[in-house]
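**Student:** Protein chains in written order, with the numbering used here: chain A, 1 to 306; chain B, 1001 to 1338; chain C, 2001 to 2331.
Because the hints were derived from the structure by calculation, they are not lab data. Check before you lean on any hint, since a few could be wrong.
[What the hints assert, rightly or not] Some chain B residues well away from chain A (every beta-carbon gap over 10 Å; in silico):
| hint | residue |
| --- | --- |
| 1 | Lys1021 |
| 2 | Arg1022 |
| 3 | Ala1070 |
| 4 | Lys1131 |
| 5 | Lys1265 |
| 6 | Ser1279 |
[Claimed, not checked] Here are some of the chain B residues that sit facing chain A, going by a computed Cβ distance under 8 Å:
| hint | residue |
| --- | --- |
| 7 | Leu1061 |
| 8 | Lys1068 |
| 9 | Ile1069 |
| 10 | Arg1090 |
| 11 | Lys1091 |
| 12 | Met1099 |
| 13 | Phe1101 |
[Said to hold, decoys possible] From the structure, some residues in chain B lie toward chain A, with a derived Cβ separation under 7 Å:
| hint | residue |
| --- | --- |
| 14 | Leu1075 |
| 15 | Arg1093 |
| 16 | Gly1094 |
Note that the coordinates shown come from a computational prediction; the quantities given were computed from them, not determined experimentally. For glycine and all other residues, C-beta sits at the position ideal for the given N, C-alpha and C.
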Amino acid sequence: MLMFILRRLMQTIPVVIGVTFVVFIIMQLVPGDPAVLLAGEGASKDTIEAIREQLGLNRPLYVQYFDYLMNVFRGDFGVSLKNSQPVLEEILVRLPITMELAFFSIIITIVLGMAAGIISAVKPYSLTDTTVMIVALLGISLPSFWFGLMMMYFFSVKLQILPVAGWESILHVILPALTLGAGGAAIVARMTRSSMLEVIRQDYIRTARAKGLRERVIVYKHALRNALIPVITVVGLQFGALLGGTVLVESIFAINGLGRMIVDSIRMRDLPMVQGGVLVASLVFVIVNLCVDVLYRFFNKRIELN
Amino acid sequence: MNAENRPILEVKGLKTHFHTKRGVSRAVDGIDFTLRKGETLGIVGESGCGKSMTSLSILRLIPSPPGKIAGGQILFKGKDLVSLSEDEMRKIRGNEISMIFQEPMTSLNPVIPVGEQIAEALRLHQKMSKKEARDKAVEMLKLVGIPSPEKRAKQEPFQLSGGMRQRVMIAMALACTPEVLIADEPTTALDVTIQAQILELIKDLQTKLGMGVIMITHDLGVVAETCDTVAVMYAGNIVEHAPTNKIFSDPRHPYTQGLIASLPKIHEDQDELKTIEGSVPSPYNMPLGCRFASRCPFKQPICHERQPELAAQPDGVKVRCWMYTSQWTEFQQQEAVK
Amino acid sequence: MQAQAEKKLLLQVENLKQYFPVKSDSLFKPKSYVKAVDDVSFHLFEGETLSIVGESGCGKSTTGRAILRLDEPTDGKVYYSGQNILDLNKKEMRKLRGDLQVIFQDPFASLNPRQTVKQILNEAMAIQEVVPKPKRMERMLELLGYVGLPPEALDRYPHEFSGGQRQRIGIARALAVNPKLIICDEAVSALDVSIQAQILNLLKKLQNQFQLTFLFISHDLSVVRHISDRVMVMYLGKVVEIAEKKALFDSPLHPYTKALLSSIPVPDPELKRERVILKGDVPSPINPPSGCRFHTRCPFATEKCNNEEPALRKLGENHFVSCHYADELAK
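So that you can see chain A by itself, here it is in the shape it has in the complex (with noise of 0.2 Å):
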């Protein structure tokens, strides 16, 4: 087991500093020069050069990139080109938002999502379970900047029951985690159902039946322990695309987070700024994903070793 947290930290090595690349690579293709940007209008073009002098931006392309790796091994992400202000402390005051959004956002996913999926797998082919089959499938489909503005509209601005955007009381929090949560919470829905129904089928549960337990004990000790170990696969993944996400519900629902640093950041091709937050998220996103295998293996162990 260490040996395989081992090799899977080592994995994410590259996986890193592929990351810093690509980011890098794109910032560069990007049409707009962060200089023009900063100088304002009407700049003249000595003011330009003096800037891009001063930020380093002509020297050559590949010794940006070392010059700006290096520095991220030493902890130093750089600074703003807009504010000057150093990039790591900007991520760090954003970063705590964005995962505070992130935790509730994941926990709507698994709860509602496996309560759905047990709801469906317990009477299959009901009108109970295509009910809650069509409005998953709705949740997959919809996307999330317009459930999250519909929600906005009805519950903020017609029903008054809920703040329209800010990041202050637990109330901020509702709608923003809702519109997040709630594509991964119909596809963990739709897995859990179908996992289920494939663990109901399995002889163990002919013996519990057999045994004389009770229905409701068979589901949730019996099967739903089971039929968890590839939920857990799909809520690992839902989690990086929880992560996109805050992109742009945090824009839509006007939240400081890391996500909307990052948008508001590639406006203004403060290029530090956007790698610095990429790449913090790509390693949210690693460490993630390296629990979620841990997790897996771990749950897995006794169907390998069959």
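Based on the hints, put chains B and C in the right spot on chain A.
**Tutor:** Frame of chain A; chains B and C shown alone:
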């Protein structure tokens, strides 16, 4: 026959049908038998004859839909199991009637320690406390001959060999001292030396606990070694029901005769094995007459027209065949005249 | 069986070893191996049937696969008509596969579900180029006749047949290339007794008709008794006894063979016999017991059995056994 030998389980005219897109499959189609206390009844037959469906029907474990008990009675100590509510039925399963299955590899829950899987039934049916049930589970593991039972009780099935898992299944089935044990091909998936151990164990525990055993198997060797009486099934019917020694020394039904003749013998050499020509009729499309008629070497026109009853012979052997009815000579003569 | 003098050696297996590495969880633990087949030697005469029996994990199927090089053996030699098969390159081996055919337990899994019987047989003949194209149709009908299937079967798919019929297709495919040796790996184990009898009769008939040699791998001793000339018993990757059928069944020498024979339930309630019920399970082949591998379950085991591995030695004509005490126990 003394008072001890009263019937505990009586199956009368049991029919289990499956309603599928292809039509109605009559997997079990009107079977009757009686099981007495301490008796071992063998149900033999080839794949698809309905023997496993019979055993699942008794505990009402038929997957439904598409399966359904379409008729008949299952009298357990006078109560008809077919008409019990699901709640009442649950009190019988694993408590008064238990079952062990063919595949020890897949019949135990892979993520629950085996001790807990045994204790579960005890807490449910015997209202034992967690601790009592755990202790009793260890005791059961010891009873079925598992070494270091305390340690094993905490292990999960993947840590046990196939033979040990089947022992766990037996411990689980017998934990509440049931009056009837249904063993559905309990040794088919095991190696012969392990099979010998398991059969010995079942016999031994039966003597100790005095339960009635229904042994479902395709292996006539297992029947010969363990059963008191045997019911031979073919295409959803019992075609012959007799004491074990009579089945082997004097098989009546042409199918039973064919089945026994087609076995390779371990103690003698044969040049060629006897075979039964043809194949089993489809359960979706059963013939009107005797279901074995198309493969039977003795068939007469009557066999294709009407199905014979399972009728008792003077010596008590029951057989479903026109050959053993009083009309048989008549039929033959009619044919001769034609 | 043929007279002693006429016997011609067809296959000779010498010190065959098949080790499979076991995934290790730690960096530092030495790599361990499942010794599925561990130093097995035997020979096969032309036209005879040699059966390999034993319980799961004894290495009987692995031996069959190793001979066919379906898994590349770790060590050893397999001489076929005087030539070591294991030295052949891919092209030579492919040519030889026409001589060596195999029939598996599950005919359904070994027949391509998307091919008709015609395509299956055609492909077999095309690979080995045994029959020129224009004559293949004729040959296919002939093959179906041999295995007792109607000509209409040619245009049908495997799923349209019953288990016994599928096994007949598998046999027809094996016969298509005029093989000399057929390895039957649990070929009748999945079939109901009445169907099993049909297939066993068919195999015997074909053996006489085409002078086939069978290596018959099975766990079912009654079937083995019926079909074999000689029988080899394996336990945990080792040969424990080889003998002519009659000798092995009537006067087995190895305690394991005795226990195995007495464990089989016999369909005869009148038969009273002394039973040897072995204690415990078969040990893991990853760390097999020292000395005689059977000593952990043997009722006669001594200190010597624990320390010293018994060699396969001759006791009686064509009767070989690997037990330190076989001669004493026989008395």
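**Student:** State for each hint whether it applies.
**Tutor:** These are the hints, each one checked on the structure:
Lys1021/B, annotated as away from the interface, keeps every beta carbon of chain A farther than 10 Å; the closest lies near 14 Å. Every CB of chain A is more than 10 Å from the CB of Arg1022/B (nearest about 19 Å), matching its label as outside the interface. With a cut of 10 Å on Cβ distances, Ala1070/B stays outside the contact zone with chain A, its closest approach being about 21 Å. Every beta carbon of chain A lies more than 10 Å from that of Lys1131/B, the smallest distance being close to 19 Å; the non-interface claim holds.
At the 10 Å boundary, the C-beta of Lys1265/B stays outside the reach of chain A, the nearest C-beta of that chain being 34 Å off. No beta-carbon of chain A comes within 10 Å of the beta-carbon of Ser1279/B; the shortest separation is about 28 Å. Checking Leu1061/B against chain A by beta carbon gives a least distance of about 6 Å; that is within 8 Å, so the hint holds. A cut of 8 Å between beta carbons decides the hint on Lys1068/B: the least distance to chain A is about 17 Å, and the hint is violated.
The interface hint given for Ile1069/B is violated, since its Cβ lies 15 Å from the closest Cβ of chain A, which is over the 8 Å cut-off. Of the supplied interface hints, the one on Arg1090/B holds, with its beta-carbon coming within about 5 Å of a beta-carbon of chain A, less than 8 Å. A cut of 8 Å between beta carbons decides the hint on Lys1091/B: the least distance to chain A is about 7 Å, and the hint holds. Given the 8 Å rule on beta carbons, the hint for Met1099/B holds: about 5 Å separates it from the nearest Cβ of chain A.
Evaluation of the Phe1101/B hint against chain A yields a held restraint, the C-beta minimum of about 6 Å falling below 8 Å. The restraint placing Leu1075/B at the interface with chain A is violated, with a minimum CB-CB distance near 19 Å, outside the 7 Å limit. Evaluation of the Arg1093/B hint against chain A yields a held restraint, the C-beta minimum of about 4 Å falling below 7 Å. Because the closest C-beta pair between Gly1094/B and chain A is about 4 Å apart, less than 7 Å, the hint holds.
Comparing the model with each earlier hint shows violations of hints 8, 9, 14; every other hint is respected.
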